[in-house]
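Just need the whole structure built from these sequences, with the hints factored in.
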Amino acid sequence: MTALVLPEKLALLYQGEEVLRQRALEAVAGDPRLVLHLVVLEKAMDLADVLRRHETSDEDLKVMQMLGMRAFNAFGACLKLALSGYGQNSTLIMRDILETTFLLNLFNGDRAAIKRWRMADKKERMKQFSPVRVREALDARDGFTGKKRAEVYDLFSELAGHPNMKSVLMMRPQKEGDAVIGPFIETGMLSAVLSELGRLAVQVGEILTLFFPTAHGQAERRLFAATKLKWLSTFYGKGPTEGA
1 MTALVLPEKL ALLYQGEEVL RQRALEAVAG DPRLVLHLVV LEKAMDLADV LRRHETSDED
61 LKVMQMLGMR AFNAFGACLK LALSGYGQNS TLIMRDILET TFLLNLFNGD RAAIKRWRMA
121 DKKERMKQFS PVRVREALDA RDGFTGKKRA EVYDLFSELA GHPNMKSVLM MRPQKEGDAV
181 IGPFIETGML SAVLSELGRL AVQVGEILTL FFPTAHGQAE RRLFAATKLK WLSTFYGKGP
241 TEGA
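With the working numbering, the residue at position 60 of the sequence shown is 60, and numbering never jumps.
FYI, nobody ran anything at the bench for these hints, they're computed from the structure. Treat the numbers as computed from the prediction; the structure is a model and nothing was measured. Even for Gly, the Cβ is constructed at its ideal location relative to N, Cα and C. Worth double-checking, as some hints may not be accurate.
[Said to hold, decoys possible] Below are the DSS-like pairs computed for lysine-lysine, each with C-alpha atoms no more than 27 Å apart in a straight line: (1) Lys147 - Lys123; (2) Lys62 - Lys228; (3) Lys62 - Lys9; (4) Lys123 - Lys9; (5) Lys147 - Lys122; (6) Lys228 - Lys148.
[Unchecked claim] Okay, the calculated beta carbon distance ranges per label pair: (7) Ala150 - Leu4: 39 to 47 Å; (8) Gly177 - Arg53: 25 to 33 Å; (9) Gln174 - Lys115: 44 to 52 Å.
Right under this line is the structure:
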């Protein structure tokens, strides 16, 4: 069988991505705070994998396993893109993780909603579980009035989700410079993307642990809890702000 050979320019693009990846990893290695974001990301992804491996006939729990798997895949893609110089595209996938996180949060507070969600047709799902409905339900449940969840979601949409002039900001290696085509590493953007990945990983991990059967994944849950506490102490001191 003849191996597939990438066309010349695609091969050069891939080679350039690998050079940028090495540069990004070197930048991360020199900053313990960025390393901590990756460590908590790894522990959250471990939780999703461990939950996936639990054998169950509970259809609602299978939904949680599936959403955990979706988050795992999205986290992996986000990190791959961020380290390869595609910060805007990584941020776009983070919006998907954020939406999944909100849905998991809603299901944790209303376990009966899991069945309603998995049994709903498209019309009913959009009526009850569209992204805006989920955010509104969470804010009402938690007594949040600042609409922080909506602000974060809208920011992801503006910067990466929709073509607009604000989205050009993530295509500029220099703040006042021109947009560029192709991948690039800018340390400020890399730091911001990895910081957001760490924050999302904490949220996803926190919620996934609440769906674990009591005796399942205890070692992984302990490791995540210890890493989460270190992360919260490092970046928040007293814990996360409204909107998680």
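Original post:
Which earlier hints turn out false for this structure, listed by number in ascending order?
Top reply: Numbers 3, 4, 8 - these are the hints that the structure violates, sorted from lowest upward.
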